[in-house]
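Peer 1: Letter by letter, the chains look like this.
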Amino acid sequence: MYEHDVIVVGAGGAGLRAAIAAKNEGADVAIVSKLHPVRSHTGAAEGGINAALRDADSWEDHAYDTMKGSDYLGDAPAIETLCKNSPKEVIQLEHWGMAFSREEDGRVSQRPFGGLSFPRTTYAGAETGHQLLHTMYEQLVKSGVQVYDEWHVLNLAVSDEERPEDRTCHGVVAYDVQSGEVSGFRARNGVILATGGPGQAFDHTTNAVSCTGDGQAMAYRAGVPLEDMEFIQFHPTSLPSTGVLISEGVRGEGGILYNAEGERFMFEHGYANNDGELASRDVVSRAELTEVNEGRGIEDEYVHLDMRHLGEERIIDRLENILHLAEDFEGVDGLVEPMPVKPGQHYAMGGIETDENGETCVSGLYAAGECACASVHGANRLGGNALPELIVFGKRAGKHAAGADLETAKITTGKRGEYELAEIDSPVELGEPGSRGDAVADGGAVAEGGATDGDSILEATVTAEKAKIEDLLERDGIHHSEVRSDLQKSMTRYVNVFREEDGLKKALRDIREARDRYQSVAVSDPSRTFNTDLLQTIETQNLLDLAEAITVGALARKEFRGAHWRAEAQERLDDEWLKHTMLSWNDGSPELWYKPVILEGEEKTYEPKIRSY
Amino acid sequence: MSTQVPKQKEAESPAEEESAPSVGKQRRDQAKAERRTAAEKQKEAAEKAKEAEDTYHIKVFRYDPEVEGKQEPRFDEFHVPFTKGMTVLDALMYARDHYDPSLTFRHSCRQAICGSDAFFVNGSQKLGCKTQLSELSEPVRIEPLPHQDVVKDLVVDMDHFYEQMHAIEPYFDPDELPDGELEEQRQTRENREKVKMSTRCIWCGACMSSCNIAAGDNQYLGPAAINKAYRFAMDEREGEARKQERLKIIEQEHGVWRCQTQFSCTEVCPKDIPLTEHIQELKREAVKSNLKFW
Ligand SMILES: Cc1cc2nc3c(=O)[nH]c(=O)nc-3n(C[C@H](O)[C@H](O)[C@H](O)COP(=O)(O)OP(=O)(O)OC[C@H]3O[C@@H](n4cnc5c(N)ncnc54)[C@H](O)[C@@H]3O)c2cc1C
Ligand code: SF4
Ligand code: FES
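Going down the list, the sequences are from chains H and E. So for the first sequence, the numbering used here puts the first residue at 1; every next one is plus one. So for the second sequence, the numbering used here puts the first residue at 1; every next one is plus one.
One thing to keep in mind: the hints can contain errors.
Coverage of chain H stretches by chain E, computed from C-beta distances (three or more under 8 angstroms per stretch; other residues unrestricted) [stated by the list, open to error]:
#, region
1, 35-47
2, 88-94
3, 132-142
4, 201-213
5, 514-525
Since the hints were derived computationally from the structure, they do not count as laboratory data. Think of the CB as a built atom: it goes at the ideal place given N, C-alpha and C, for glycine as much as any other residue.
Let's have the full structure, built from the sequences with the hints guiding it.
Peer 2: Pasting the structure below:
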């Protein structure tokens, strides 16, 4: 067993920032990550990081844009925390040496991004995430935080009180990829989940193979609610053959979208008469698919993104990486021809419910970054708003877990505040009652003899996880990749940009079938050394739970808000739906409930307005 | 170049101490392994038949220190249906998901940014996800990076590479740290341009693996670490005193002076970083500052 004050799970932007902050508070911190930190998917972020740095800009404007972008499903305390702190945190990155692009006068460069009233997307070429990730890893090395890399976290050690709000997280159980050792990591103060998004629940995604939502699934099974999971962002410009992202920066710099007839459809077909290509992502993605569905797509699949008119010099100066991506992953030279693009799964707005200090309803358990939902992005995330979330909330979670005093949160977690229960109208039985190999279906481990101290709970969780692994290694059965690929296809088909009741129900049936088939998966590689077959099989289980959560939320929400569009109700219905979707794992099946959105900011209340661009 | 399989390691990892596999377990594993090879053979045969169709023939290095039949390194052959734009990584994933789930390699982003999947492909270091199959002659030989210990199949031990990266104090560490509220610093466009290429490194290890000097001198910092030092030494924001310290680090016995400008690192770097040039420039900087302090 290993022991530290604070255990950070994951080493992308959020995890690294959390670890550095906790260390600065004087805590003994360790990072446990299934990838070496520099391999994290934060490195793939291209376009930039929003911060109101200039005199003509203000955090209030940034907050207003973010609330509007969220289609009024963001919580004001979280949004205001983000926008107030982002400038300071971005300047901190600059002092850590991050290689931002520069203006003639030597100041950091900013560019326009969709949905922003001021060009506040601060960037480093079209490789902002790479620069951010490496800069923070460098500071981590400097700070001497211990890193257990290529240790895959399997589960949380959480006590098993009846109500999740009474539970405590005592540590995590992880698997050493290189040696096959399963070990407990005791956290004296707290565990911070920073495990990134669940993009692999879909088959056409800009997310990495490692983005399997592990932290969300673990927290969910431990009783922490997942919030607003139905809100999945589909980025309008991913390359058709691989899903590799072409940054919004291209449109920010003036790139234009054309359909097969050479029409600039964002304007010519009236999707966004003011902002055109720079309308919010959900708007542009739907426009593209409408074009394709109405027969104006190219090869019935995609549209064109043209940046040739920007000129070679400007492209190389600000978007060089895009040229490499288009060339290497689609065989297209962006200087001489338009690039084919279509919508691809990109970002999960929802996630583990936290307050603005990063704390969940289980004491000692925190979450930050894409896996968390504070909620900053509500129904739709603005481009350039995820990277500031990593550093602002990563830092807060790190400080808080290390014992620093933060102001009391305004957002309540779990069923502590106002809430309403709801029925799920599912055509099939949901969830996994008494799921195989779990110590207790409903999260939590029970130690032998009922001991409730942290060490015993952690030991019991280690034992349960070992048994699960032995079982997977010993049994015979089908390979998980069949199950995973069917799941991904069904999600992309039915839980995409356009959603309708029948399709969503079909997806739930497919998920049920996939769950049933998963009961007979087996790992065929018998090795203890670097057994990726085993780990991917475990990840597939997580994807099943999350795909179900996404679909249940989508089926229940009968309105059109942000990224979530429903054929049956193509309008935003504030009277009924101005509320967060919450899903709790209860005895192995999801329980649906809702909690109110907080629109009251520090100094003003954000009034829901029609969202037009 | 040779692929290094570690000398039969004493089987004493903590995992095995804790849960030494029982005899029964060993038997089951073996039975399982046999069933698998039989199934594999069938599949391979099925594949051969398909060869007339558009398939790619790949030969992949296999090794596992603890699985019978894999302790002696061998090559496995797969025929992978070819689709336009298919990369070496796509072919490996296809082979793993359809023929042999135990085929092991690191990968994550699929877009040349995480640096996980540098392999030795048809005799040179390449990123799997960035290398088109159509540009390679068949059969495509895929091996782990040479000069690094093989953990399993295409997975090599990266610890030595990381140690060298850490050895150059790879973090921004300015001469003066301002107190209180931080203010944005200025940096000229020229200076940012100067360090730009050096900041693109994705720690893939291809350069180090291609370097003859690194192969002969285990303590040589290697191209990636020296490039990292360049990234800081040339950044005007860090300050002159720190730069002098950095030059001292790279001037040590196993530093820049070892480089014999063979350009192999520059040739293989998937991010097109002019590594040899950077090393040469640091040599010149070091000479300049030595003259100054004489
Ligand atoms: C292609 C692309 C471009 C983007 N561009 C932008 C942009 O320009 N601006 C912007 O603001 N946002 C952008 N985003 C969004 C943003 O980059 C991500 O939301 C963000 O980087 C996620 O960071 P993270 O730290 O939460 O997770 P990640 O960086 O994904 O890191 C997750 C970490 O968790 C670890 N982990 C996961 N599971 C486990 C487990 N079971 N055990 C142990 N460790 C585990 C992984 O090893 C990894 O270290 C982009 C996203 C993509 C995909
Ligand atoms: S310098 Fe190039 S080859 Fe070497 S590790 Fe960095 S990216 Fe890879
Ligand atoms: S998979 Fe990330 S660099 Fe190839």
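Peer 1: Run every hint past the structure and note whether it holds.
Peer 2: Here is how each hint holds up against the structure:
Under the rule that three or more residues need a Cβ within less than 8 angstroms of chain E, the assignment of the region 35-47 of chain H holds, with 8 such residues. Interface restraint, the region 88-94 of chain H with chain E: holds (4 residues with C-beta to C-beta distance below 8 angstroms; minimum three). Against chain E, the region 132-142 of chain H contributes 6 residues with a C-beta closer than 8 angstroms to a partner C-beta. That satisfies the three-residue criterion, and the hint holds. Here the region 201-213 of chain H counts 3 residues with a CB under 8 angstroms from a CB of chain E, which clears the bar of 3, and the coverage holds.
Using a Cβ-Cβ cut-off of 8 angstroms, 3 residues of the region 514-525 of chain H lie near chain E, which meets the minimum of three, so the contact claim holds.
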